[in-house]
Amino acid sequence: MNKRIYFGLYGLIAILLVLPFVVPNSFYLDLAVRMAINAIIVIGLNLLIGFAGQISLGHAGFLGIGAYASAVLPMHFGWHPVAAMLTGAMASALLAALVAKPIFKLKGHYLAMATLGLGIIINIALRNEAQWTGGPDGMPVMPMALFGVEIASDRHWYWVVAALLVLTVWGSLNLIDSPFGRALRALHGSEVASQVVGVNVARYKVSIFVLSAFSASIMGSISAHYIGFISPNFADFFHSIELVTMVVIGGMASVYGSIVGAVLLTALPQALATFEGWETVAFGAILMLCMIFLPRGLVPTLAARFGKGDDK
Amino acid sequence: MLAEFLQFLFSGITVGATYALAALGFTLIYNASHVINFAQGEFIMLGGMLAVFFAQMGLPLPAVLVLAILVPALVGVLVEKLAIEPVKGAETVTLIIITIGASLVIRGLVQVWLGKNTFSLPAFSGDEPIHVLGATLLPQSLWVLGVTALVVVALWYFFNRTLQGKAMLATSFNRTAAELVGINTSWVLFMSFAMSAALGALGGILITPITLTSYDVGIMLGLKGFVAAVVGGLGNGLGAVVGGLLVGILEAMGAGYVSSAYKDAIPFVLILLILFFMPRGLFGGKSTDRV
Numbered sequence: 001m002n003k004r005i006y007f008g009l010y011g012l013i014a015i016l017l018v019l020p021f022v023v024p025n026s027f028y029l030d031l032a033v034r035m036a037i038n039a040i041i042v043i044g045l046n047l048l049i050g051f052a053g054q055i056s057l058g059h060a061g062f063l064g065i066g067a068y069a070s071a072v073l074p075m076h077f078g079w080h081p082v083a084a085m086l087t088g089a090m091a092s093a094l095l096a097a098l099v100a101k102p103i104f105k106l107k108g109h110y111l112a113m114a115t116l117g118l119g120i121i122i123n124i125a126l127r128n129e130a131q132w133t134g135g136p137d138g139m140p141v142m143p144m145a146l147f148g149v150e151i152a153s154d155r156h157w158y159w160v161v162a163a164l165l166v167l168t169v170w171g172s173l174n175l176i177d178s179p180f181g182r183a184l185r186a187l188h189g190s191e192v193a194s195q196v197v198g199v200n201v202a203r204y205k206v207s208i209f210v211l212s213a214f215s216a217s218i219m220g221s222i223s224a225h226y227i228g229f230i231s232p233n234f235a236d237f238f239h240s241i242e243l244v245t246m247v248v249i250g251g252m253a254s255v256y257g258s259i260v261g262a263v264l265l266t267a268l269p270q271a272l273a274t275f276e277g278w279e280t281v282a283f284g285a286i287l288m289l290c291m292i293f294l295p296r297g298l299v300p301t302l303a304a305r306f307g308k309g310d311d312k
Numbered sequence: 001m002l003a004e005f006l007q008f009l010f011s012g013i014t015v016g017a018t019y020a021l022a023a024l025g026f027t028l029i030y031n032a033s034h035v036i037n038f039a040q041g042e043f044i045m046l047g048g049m050l051a052v053f054f055a056q057m058g059l060p061l062p063a064v065l066v067l068a069i070l071v072p073a074l075v076g077v078l079v080e081k082l083a084i085e086p087v088k089g090a091e092t093v094t095l096i097i098i099t100i101g102a103s104l105v106i107r108g109l110v111q112v113w114l115g116k117n118t119f120s121l122p123a124f125s126g127d128e129p130i131h132v133l134g135a136t137l138l139p140q141s142l143w144v145l146g147v148t149a150l151v152v153v154a155l156w157y158f159f160n161r162t163l164q165g166k167a168m169l170a171t172s173f174n175r176t177a178a179e180l181v182g183i184n185t186s187w188v189l190f191m192s193f194a195m196s197a198a199l200g201a202l203g204g205i206l207i208t209p210i211t212l213t214s215y216d217v218g219i220m221l222g223l224k225g226f227v228a229a230v231v232g233g234l235g236n237g238l239g240a241v242v243g244g245l246l247v248g249i250l251e252a253m254g255a256g257y258v259s260s261a262y263k264d265a266i267p268f269v270l271i272l273l274i275l276f277f278m279p280r281g282l283f284g285g286k287s288t289d290r291v
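Line by line, the protein sequences give chains A and B. Letter 187 of the first sequence, counting from 1, is numbered 187 in the numbering used here, and no numbers are missing. Letter 127 of the second sequence, counting from 1, is numbered 127 in the numbering used here, and no numbers are missing.
Hint data in this document are derived by calculation from the structure and do not stem from the laboratory. Glycine is no exception: its CB is placed at the ideal position from the N, C-alpha and C atoms. One thing to keep in mind: the hints can contain errors.
[Claimed, not checked] Now the in silico label distances, taken between C-beta atoms and shown as ranges: (1) 61/B x 27/A: 39 to 45 Å; (2) 74/B x 27/A: 41 to 47 Å; (3) 143/A x 123/B: 50 to 56 Å; (4) 229/A x 259/B: 25 to 31 Å.
Between the sequences and the hints, there should be enough to build the whole structure, so can you do that?
Written out as structure tokens, the structure reads:
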């Protein structure tokens, strides 16, 4: 693996270690936790978009499955939160595999349509099954406990998600440099060419989609426990779009770009809150401007400009 | 039994006609540029909201109709000129995000301007229902169906009998070849945005007296129009119309016979089934790729 890639990882670890001691108050710590959660989801989604060249417009559906598994199973059936989280993630992965298998035999952006449909169906089900999910009002989530220790404060959660983020970045960088990742990159370059040299195109695409759904579901569970409350908005179309936007703004096929995208777009609504009523307009305008002037995303564009070249 | 069935059928084809107009809009833009325009739903919303606004100003119905179609068409052209043309040839994801950005800007502006209330528009020719075999049909439904049928015929004529229409068709088959024979393809792109915005707006105006409107109705209507376009085989005009009607009818039947709570899920279940079993849609041709 390229040494320079690891510099980025060390830099990230350094920032994560220092951050909780320099943030002025708990508001910023909370923001940091949510940024890290989004970054992990976006890295998974970016593997799909940036390397497999496929869009998911329903990723918030998988977040929703994870979140509601963690809310409903412990609450109504007395499950242990960890068991609930893993069950949700397995369910998400299974659903992703079921949907993706027939889709990836086709060429074109059919996954976008299928995931769009899937995400909306999940959202409607969450809204309607009020006896389990609390309907549109949402429901509280019981706290997470590991080995009898309750993870409760923002600071606890910060260390948990920071560790997960480092693991995710490390894992993704390795994955991209593995034969699996090389196959994925070949796929994005030319599907036909990679097929010719023996890459099982459909299988790789399904695996990466299942992996990203699994990771999204786990992070959905973690968000649910962290916030302590969950509503169907968490799993709606707009949230799916936000996640795709984070990928594209940060930079497709760029792990660090995903972090940048997640950080910026998580902070943006806070920054826009001062625009009272104009938030939607401002958000939309920023999206369009970014895409028009930086179509490859921030990190790859800047990396190219400053001649670093390698923009993983 | 029959009365109930007819009732669901009437409401299904009425909404279905709106989906068909939206689906035609998707098809036009997709053919001209391979962009899936996620702002299509906002044109439907814009048509309805502007009609309400102009009607409340006291303008006569014909003026309301013309203005509420022209303004969205202008917005569509602006979106194309300012946001789509500068990034020609960008990746599909980039283009999708741009149209989503455009939809947020349009929705946000309408929300700031007209607020979050739900508005209604008086029906074009009264609310006296017509009785057909025990079911009732609103006169407005006849307006929706009649105008949609006219539009479909007009579009057919445009694409098959006029030079401009044929130029647009040629561009959708092969852009480079079209440019080589002297077709101005940026004009085609311009026209397709103007036309699909106008079509969406028209659908929005016609359906508003039945379903009411607010700043956020565009999301669902647009997505269902998109489903209709895919059901019919993305890029196929006839398919878009049939797809729209089919989605509308199935939705109404599902709401009536199965579960009204899951009404909105029906089009999306349909799209999953279509993708699994006939991925090119009902009318999509076979595609081959040159390596």
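- Message: For each hint given before, does the structure comply? Return the numbers of the non-compliant ones in rising order.
- Response: 1
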